[in-house]
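Asks: Here are the chains, one letter per residue:
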Amino acid sequence: MVVKKVKVFVTLKESVLDPQGKAVEAALHQLGFSGVKDVRIGKYIEFVVADGADGERDIRAMCEKLLANTVIEDYRYEVEEVVSL
Amino acid sequence: MKTAVIVFPGSNCDADMYHAIRDNLGQEAEFVWHEETSLDDFDAVMIPGGFSYGDYLRTGAIARFSRIMPALVQAAEAGKPILGVCNGFQILLEAGLLPGAMLRNRGLKFICRPVELEVVNNRTLFTSLYETGETITIPIAHGEGNYYCDETTLSALKAAGRIVFKYRDNPNGSVGDIAGIVNEKGNVLGMMPHPERAVDALLGSADGLRLFQSILKHWRESRAALVR
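Taken in sequence, the protein lines are chains A and U.
In this text, residue positions in the first sequence follow my numbering: the first is 1, and each later residue adds one.
In this text, residue positions in the second sequence follow my numbering: the first is 1, and each later residue adds one.
Worth flagging that the hints you see were computed from the coordinates, not collected in a lab.
Certain hints may be false.
Said to hold, decoys possible - For the chain U half of the interface with chain A, some residues (derived, Cβ under 7 angstroms), not all of them:
1. Arg58
2. Ala101
3. Arg104
This structure is a prediction, so every number in the text was calculated from the model and none was measured.
Glycine included, each C-beta is placed from N, C-alpha and C at the ideal position.
Isolated chain A, as found in the complex (with noise of 0.2 angstroms):
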C-alpha cells in the first residue's frame, strides 16, 4: 500500500514576538555564541495518511483547522510517498 508521510512545520508569524525564542537567544549568547540572532521557536508534527484524491486539501484543513492557529502561526509541510506493507 502507498501511504503519505506528511511533515508539518508551524511557525510563529513574523510580526508575533516570541518570547521563548528570545529566552533561548539569551541563553546561545551566555554559551558563548554571541552571532546567534533571530531566534524562532516553532513545532514538528508528523503523521502518515493513506494515499487519496483530496490529500492536499486534507491537510491543509488540518493546518488550518487544529494544527496551527492562523491568528498567530504560519505553517507549511511536505510530503513524502512511502511505499508499506
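Got chain A sorted already, so can you dock chain U onto it with the hints?
Replies: Same frame as chain A, now just chain U:
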C-alpha cells in the same frame, strides 16, 4: 438562575467557579462534563480555568473540539451569558467565539498574584454593577495570557467598547493591556483574571463578586421583560 460549569479533563478552577456561584452568589450551579451535548437547561455557562488536555498543541486547542462545543456555540447564539476565565478564555479564542490568540507571557514566567484592573466598559451584562474607570483587584494565574490580535482587530475592539477589562500595570505583554473582551453581541466574555477567586474578603478581594451579580441582575431583568 441555573448555571453550567463545564468540566474538561484538566480543568482545575471548576470547583472554585461552582462555589462562587452556589455559596457567594447564592444561585444554582451544576458541573457539566465536556462529553455532554446540550446546555438547554441552563441560563448561563461558565468555562473555568485550568489546563484542559494538558495544554497540548496550544492552550484550548483540543478542548475546542469537545462534544459540548456545538451546544456552547448554540448558547452563545441564543444570547445566553457565557464567561470564559483563563483557560476558558483561551478555549473561546480557539473556538473563534472571541477574536485573537494567546501567546506565552512576555517574561516567560507563570504569574500568580492579584493584579489591578480597570473596568473599561460597564455597559455590558457582566459589568453593570461596576463603575467605568473603577479599579478592581482580581488575581491572575497563567503562563500564556499575553493576548494578541492584529491592529485592525484591536481598533475594532476599542471602537466598539469590547475591551471590558484592562491591566493597570500590564503583567504579561498583552496588546492594549487587554485583560478581558466581549463578543460583538456582548454576551460572551473572556478574561484572564479569575473573578471566582475574588468573591469574598476572606480570599483577599471580593471585587469579582459583582461580575456574577451583574450576570444575575441581567438574567432577572430579561426574565421580567419576558413575563411582562
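Asks: Run every hint past the structure and note whether it holds.
Replies: Here is what the structure says about each hint:
1. Arg58: 6 angstroms, holds
2. Ala101: At about 4 angstroms, which falls below the 7 angstroms cut-off, the nearest Cβ of chain A leaves the hint on Ala101/U intact, so it holds.
3. Arg104: Status holds, d = 5 angstroms.
Consistency with the previously given hints is maintained throughout, with no hint failing.
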